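> Below are the chains, spelled out letter by letter.
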Amino acid sequence: MTSVVRPFIPATAKRLMPNRWDLVAFPLIIGFLMFATTGIEGTWAPISALQTEPISLDPSNLPEYALRTTLRMLAAMAASIVFTLVYGTLAAKSRRAEKLLVPILDILQSVPVLGYISFTVTFFLALFPGRVLGAEFAAIFAIFTSQAWNMTFSFYQSMRTVPNDLKEVSVNLRLSGWQKFWKLEVPFAMPGMIWNMMMSMSGGWFFVVASEAITVGDKTVTLPGVGSYLAMAIDHKDMGAVGWVILVMVAVILIYDQFLFRPLVAWADKFRLEDTMSQAAPESWVLNLIQRTRFIQQLLRPFGKLMKTLARLRLNISMPQYIHTEAHTTVSRAIDVVWGVFMAGLCAFIVWRLFSFITTEVHLLEALRVVGLGFITLIRVTLLIAIASVIWVPLGVYIGLRPALAEKVQPLAQFLAAFPANLLFPVFVIFIVHFKLDPDIWLSPLIVLGTQWYILFNVVAGASAFPNDFREAATNFRIRGWQWWRQVMLPGIFPYYITGAITASGGAWNASIVSEMVSWGNDKLVAHGLGSYIAQTTAAGDFPKILLGITVMSVFVVLFNRLLWRPLYAIAENKLRLN
Amino acid sequence: MTIDNTTLRQEIFSLKHVDKGFRKGGEEDVQVLDDVNLTLLEGEIVGLLGRSGSGKSTLLRIIAGLIQASSGEVNYFGKPLTGPAEGVAMVFQTFALFPWLTVLQNVEAGLEALGVPPDERRKRALAAIDLIGLDGFENAYPREMSGGMRQRVGFARGLVVNPTLLLMDEPFSALDVLTAETLRTDLLDLWNTRQLPIKSVLIVTHNIEEAVFMCDRIMVLSSNPGRVVAEIKVPFPHPRNRLDPAFRKMVDDIYALMTRRRSADTLNKVQLEVGSPLTEVSTNLMAGLMEALAAPPYNGRADMPEIAGKLLLEVDDLFPVAEILEHLGFAELKDGDILLTAAGKQFADVGTQERKVLFAEHLLRNVPLAARIRRVLQERPGQRAPRLRFEQELEDYLSDSAAEETLDTVINWGRYAEIFSYNDHTETFSMEDVEGAL
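Note that the protein sequences, when read in sequence, are chains A and B.
Take -11 as the starting number for the first sequence in the working numbering and just add one per residue.
Take 41 as the starting number for the second sequence in the working numbering and just add one per residue.
If you are wondering where the hints come from, they were derived from the structure by calculation, not from laboratory data.
This structure is a prediction, so every number in the text was calculated from the model and none was measured.
Think of the CB as a built atom: it goes at the ideal place given N, C-alpha and C, for glycine as much as any other residue.
It is possible that some hints are incorrect.
[To be verified] Pair ranges (Cβ atoms, derived):
{"#": "1", "chain 1": "A", "residue 1": "51", "chain 2": "B", "residue 2": "472", "range": "38 to 48 Å"}
{"#": "2", "chain 1": "A", "residue 1": "74", "chain 2": "B", "residue 2": "437", "range": "23 to 33 Å"}
{"#": "3", "chain 1": "A", "residue 1": "455", "chain 2": "B", "residue 2": "113", "range": "24 to 34 Å"}
{"#": "4", "chain 1": "B", "residue 1": "178", "chain 2": "A", "residue 2": "164", "range": "35 to 45 Å"}
{"#": "5", "chain 1": "A", "residue 1": "82", "chain 2": "B", "residue 2": "435", "range": "48 to 58 Å"}
{"#": "6", "chain 1": "A", "residue 1": "455", "chain 2": "B", "residue 2": "356", "range": "18 to 28 Å"}
{"#": "7", "chain 1": "B", "residue 1": "237", "chain 2": "A", "residue 2": "157", "range": "49 to 59 Å"}
Chain A with its partners taken away, still in its complex shape (with noise of 0.2 Å):
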């Protein structure tokens, strides 16, 4: 049960793709953004304080509430599967499509989430007036936003990846494109799905507990579950329900890895395209149980028959086929032109109202101030990803070159990883309020609490993966010291270090919103930052510099990536690669 998972490379880091996109797809998000408020705040009702049930800090509620928070995270992750398939599959599809979504998704995935909540939820709210469900799907939206891009990453490439000689049987067998899907692309894709579906999960914790209590100006959502229990305990300075929510949270993690994620991945291994056997194949007593009790196989059979004759269904689904004639290429090439002239209108239009929109509500001088709060957040994140790395890379190849550890440290990582970091943080924050620490230093290391994980149970996966003939062979001509780490073991460890460090850091820009401003009953610490500029503006409501806030950031991620991350990848991918 405590098999190593493999890892996968991310699909969000894997990616190479024309930058002269991101330029249109950029100013559309955010000017997506921009219009749904300004459109909203019409709407915006000015003194509706919206009615959702109290929160009881008796620890008798939280099963319930956890619950509720589990539910939430189901809905979100079917709406990341349903969007995934769809959006994937257009973006792998169709040439045109391909070339705004594409850039669209990477964008999307370097906007820090919790950034747009307040936008998010002001618009769901808007949408259903003095409804409870308009708040539901305000965090459902959010756990989504957290969950869909790396998913649909995953399955765009797999669908581009899609072997030829399966492809050609398919073609050979007359599959309809509808047959196809289901019995070769989504199969296909299925084991690379999953892994980022667990990767996924794991990162939503986190959101769903700072998404259920969200203040936006005047208006306050508490939401019953575990993100707003540990709000009102926080307010009431309840250190005992703080523990409560804690414990509740390791159980639901537990369970849901158990009864969930195991036995997804332990059955998805079915869909691996290598014929040879995996070293483990993973393994899910859960998935045991269910495939050897006739009575559960029994009640699943009427489900599986209908998805069966569903993929079965010879339902054409026309998907843009290019047909190569004379005729066909100019008249397609005229389309192209059309296309990208009228990309580049709204493109353009998009700009200037949004630049519009800025100056005349923010000023020049708060612009480059958030610019500069900007590079204090930079360095925080690239300060403390080193920091983590310096400790959990030695630890991690510690670990990963003996086995039997590596296999009771690797869940331990893993479960840590998907522990919401933000249920730590009162514990922290009591002690800096006690000792009268400084917060914009101590403060800090709450950005990598939750996502430092990441980088050691990656070391730790490559280390485990480090061939032995390597070793030897290190051993043999007695290869020891600094030697050995710049010659050998940082070399071999590289692409996974690169891969848990992208997801860290990514992780840790998001975090900054919430832990660059925390609070405990009456003390608030706030360190200076852009994550603490956003979050005070959203509880100010002040749209226009929250907007300026999130572009600010995202542009910061999106730079991060392109100038740090990806050469850094591209050099594990083409040189360091084994074999």
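Given chain A, put chain B in place with the hints provided.
This is chain B only, laid out in the frame that chain A set:
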């Protein structure tokens, strides 16, 4: 190279009564080496010849100081060996070149570890690269090179540190036939013209011809556990001619020795038991070998080395098939020859369905484990049984991995013979879709 009075030559390594067992999951040891004695002298190439499971690579790693013997003495120049010794360099089957270092950096790595100053490092590395025929490739990365060139880098890296002893772990088995032969002759040329500083070479191989072609002395190891069963001196001068009748004779003799040895091992002739380990051999390979044997020029009897060469099978591939055919009663092994039995000839002649019936009959009669599984299924009301039931039974006799391989093997044969069916997902045996024949 063949000096008769071996006592005059310096002893480099000596192993006395070396045992090695591996602890598997807290259970009792799996014995890999049993009472191995071996001496390496100056000026000779020694071969460790054995099939998989003979512990020959383990023995090599004990000499390299990479693993420790469970008991016994390991002496290097008369002193007990503790850890990797200076002057022992190794060449790997998988080359084990660091892909992120260039050829030059790979070759220099060992010198850097010895604390050789940069200038000298470079000079020596370039010299080694030249010697091994790699000039011009100094700045290439291993992945840009073919397997043969990579192994040359492996040799250069080993030679540059001026080792006393060069250890080679199946250095040619990952290469194609032609490349391997070129590398062998190049290496032998360097050795025979004394251009190499090394005093002795130990080469691990499962290729009988390679051993006879290269070595001055061959130690033949038995399998499970590994024991030295013969020590053969190879008197032929270099360069050796593979087609020389004396050369062929020695290859034949070693084949005979390695098969005879096995029959003597299992005293009760070739009778299998429920707990006997089975090696994974596909039914296709069995059928293919029987067909080849039945057809001219063999007409039912073939010289093992000859048919191995003809079918491009290595010893490690041929022996298991031959043995299984013997167990199943389709063939006999005698003096390095393989003979088809009447049943074997019949199998080769008939069509697919008849083959299956014949195979099923022999499988149930000669492989007790197959018969056991079938009987258990027939006795059970639902005619189903979990894999675990048999795996646990096998684990009384075998290590975990051997039990698993044995069961997988029987599953494949049983599926082909249609004596039971098996669902890999639920890990259960059943009699579903099995016609009640037999």
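> Are the hints correct? Go through all of them and say.
Right, here's what the structure says about each hint:
1. As the Cβ distance of residue 51/A to residue 472/B is approximately 44 Å, the hint placing it in 38 to 48 Å holds.
2. Between residue 74/A and residue 437/B the beta carbon distance is about 55 Å. The supplied range of 23 to 33 Å is therefore violated.
3. Restraint check, residue 455/A to residue 113/B: a C-beta distance of roughly 31 Å satisfies the suggested window 24 to 34 Å.
4. Checking the proposed 35 to 45 Å range against residue 178/B and residue 164/A shows it is violated: the Cβ atoms sit about 57 Å from each other.
5. The hinted range of 48 to 58 Å is satisfied by residue 82/A and residue 435/B, whose Cβ atoms lie roughly 56 Å apart.
6. Between residue 455/A and residue 356/B the C-beta distance comes to about 22 Å, which sits within the given range of 18 to 28 Å.
7. For the pair residue 237/B and residue 157/A, the supplied restraint of 49 to 59 Å holds, since their beta-carbon distance comes to about 57 Å.
Hints 2, 4 from the list above are not met by this structure, while the remaining hints are.
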